[in-house]
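With the hints as extra help, turn the sequences into a complete structure.
Oh and the sequence shown: position 175 is 175 in my numbering, straight run, nothing missing.
To be clear, the hints were calculated from the coordinates, so they are not data collected in a lab. Just to be clear, a hint being listed does not mean it is correct.
[Stated by the list, open to error] What follows is a list of derived Cβ distance ranges for each label pair: (1) ASN56 with ASP13: 48 to 58 Å; (2) SER202 with TRP151: 41 to 51 Å; (3) ASP13 with GLU143: 20 to 30 Å.
Think of the CB as a built atom: it goes at the ideal place given N, C-alpha and C, for glycine as much as any other residue.
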Amino acid sequence: MPESATDRQARSDPPPGIGEAGIERVQTLAAGHRMALWNRSYTFYERYEETTETSNGTVTLLRNEATRVAGPRRYLHRLHRQRYRANETLGQYEQTEFADGERWYERRDDGTVTETSGTLQFTQDQFAAEAAFYIERYVTVSESQTRRVRWNGAEYFRVTGSNGTSPAGRDVQSYTVSLVVDSEGLVHRLDVRYRTETATISYSFWYRRVDQTGVQSPSWVGDRHG
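Next up, the structure:
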């Protein structure tokens, strides 16, 4: 069925870096993502999983991160990293970092809890820069395509790609990547998966509560400085 004039007017143009046929320039897309997050609050999630077959069984490295960003200098970042084989934990590490606008505070736990702090030295949103880095790192593919999708009444661009290269430059198989982007260039979700000779690797990031995230001081910061 042909589109009506109203349908055509309601369609958004793809953001810079993306065309109707797929990725056009990944560096432009990454830069647009950073700009789309400028002066906005959000909650940013990341998950990395690497599974390796060894002579002693399958070993999995899992990293989960959650970051609440109220502004470039006020955030709460939590990281949990675990390495395990079957039901046996081989090692784990937890870290929480909080910034109050002037200082940062860090709490680490690898079996022993340590706390450090210091004065903030940056003014830019480091987590938006991190996401832009991963966009450039993983969305450089030789084949891609774009399709429009609607969610909660808004239009998004879903891009899928294949035939990428690993960050380490190693030969890979079954490389796939997908991302969901709005018309302003904000990449709401990225998923990548590939295999090397020795491991299967997947990485994802996604956003929640954009423009609706606040950050409270953790109790351990108050206990330390109260």
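Hint check:
1. ASN56 with ASP13: 48 to 58 Å: Distance hint for ASN56, ASP13 holds at roughly 53 Å.
2. SER202 with TRP151: 41 to 51 Å: Violated, at about 23 Å.
3. ASP13 with GLU143: 20 to 30 Å: Roughly 23 Å apart at Cβ, these two residues keep to the hinted range, so it holds.
Violated hints amount to a single one, hint 2; each of the other numbered hints is respected by the structure.
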